[in-house]
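Spelled out from the first residue to the last, the chains are:
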Amino acid sequence: MSRRIDPQLLDEQLRLTLRDMCRICGVHAEYLMELVDEGIIAPQAPARRRTSRVPRAAQSWHFDGIAVVRVQRAIRLQQDLGVNLPGVALALDLLEEMEALRQRGP
Amino acid sequence: MTPGSSRLFSSTLFGNHDFRSQGRRAGGFKGADEHARVGITLEEAFRRDSVEITVPQPGGKQRRLRVKIPPGVADGKRVRLKGQGGPGVGRGEPGDLFVEFRVVPHPQFRAEGRDIHYELPVTPWEAALGTDLKVPTLGGDVKLKIPPGSQSGSRLRLKGRGLPGEPSGDQIVTLQVVLPKAGNAEQRAVYEKMAETMDFDPRAAS
Numbered sequence: 000m001s002r003r004i005d006p007q008l009l010d011e012q013l014r015l016t017l018r019d020m021c022r023i024c025g026v027h028a029e030y031l032m033e034l035v036d037e038g039i040i041a042p043q044a045p046a047r048r049r050t051s052r053v054p055r056a057a058q059s060w061h062f063d064g065i066a067v068v069r070v071q072r073a074i075r076l077q078q079d080l081g082v083n084l085p086g087v088a089l090a091l092d093l094l095e096e097m098e099a100l101r102q103r104g105p
Numbered sequence: 000m001t002p003g004s005s006r007l008f009s010s011t012l013f014g015n016h017d018f019r020s021q022g023r024r025a026g027g028f029k030g031a032d033e034h035a036r037v038g039i040t041l042e043e044a045f046r047r048d049s050v051e052i053t054v055p056q057p058g059g060k061q062r063r064l065r066v067k068i069p070p071g072v073a074d075g076k077r078v079r080l081k082g083q084g085g086p087g088v089g090r091g092e093p094g095d096l097f098v099e100f101r102v103v104p105h106p107q108f109r110a111e112g113r114d115i116h117y118e119l120p121v122t123p124w125e126a127a128l129g130t131d132l133k134v135p136t137l138g139g140d141v142k143l144k145i146p147p148g149s150q151s152g153s154r155l156r157l158k159g160r161g162l163p164g165e166p167s168g169d170q171i172v173t174l175q176v177v178l179p180k181a182g183n184a185e186q187r188a189v190y191e192k193m194a195e196t197m198d199f200d201p202r203a204a205s
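Residue numbers (numbering that gives the first Met the number 0), protein chains in the order written: chain A, 0 to 105; chain B, 0 to 205.
No lab work stands behind these hints, which were simulated from the structure alone.
Please note that a few of the clues may not be correct.
[What the hints assert, rightly or not] Label pairs and their computed distance ranges (CB to CB):
{"hint": "1", "chain 1": "A", "residue 1": "G38", "chain 2": "B", "residue 2": "P135", "range": "38 to 46 Å"}
{"hint": "2", "chain 1": "A", "residue 1": "R101", "chain 2": "B", "residue 2": "E185", "range": "27 to 35 Å"}
{"hint": "3", "chain 1": "B", "residue 1": "K158", "chain 2": "A", "residue 2": "G81", "range": "45 to 53 Å"}
Think of the CB as a built atom: it goes at the ideal place given N, C-alpha and C, for glycine as much as any other residue.
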């Protein structure tokens, strides 16, 4: 059984709305906004200081494909390892730095 | 969640945490997202081949599917295959499948993102005088102009000869000057002649 499917590349060029992000990552908008506040993911449109639960500015946010990967990793770190959000931010930065170094090779 | 349905979520990565939306829609739950990793060669990434992906299933089973490598794939890049994850519960839609591509090490080339690095050994006279040399790339051999006065470690860029994407990567050729041995008297004489002729001290302050 072998079907062929065309995939969606999760790269810097992908543009996802807040709603897309919620759907793809399976999380509430409030959780994504916490990650934005913590600097774990960064929306492309400038975010104003948030006042309501889902501010109007957040509706115009866009994220790239890298953000999906970061959110998924953040969930895993919180869920599996019980890391708090500042810890998640640090762990993600270190993980990505390690990957960049690994790619650069010896 | 009823006890009976918890089993269906046991294979998910995240379980039913409070920040997870449950994807509840019209009497059902969205299926679990699944994750897989696949090793590809640089040639496969360059040709954008279809590769077979094995997704482990609960109960030790496996599911296989073919995925065409999209342009822009480099080591560590991920793709999302909508609806290819676990089946939905009730009228819920299926989950997604996320695949991470890992580029396996290549004997000649080293990839850095979409750029391909290649070390080209050259003779001292090729570097000093300049020449045209044949250089392998993922797309086949190309001719590279070595400018006169090149040094060991000089980098030459073959624009667009790296991995495909928007924009495509380049191939970066690093010259490595290799010195021939002064094996016999005649060869030693050449080096001695150079020592006399060349007014050159690489340690002199520039």
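Please name the hints from earlier in the document that this structure breaks, with their numbers sorted from lowest to highest. 2
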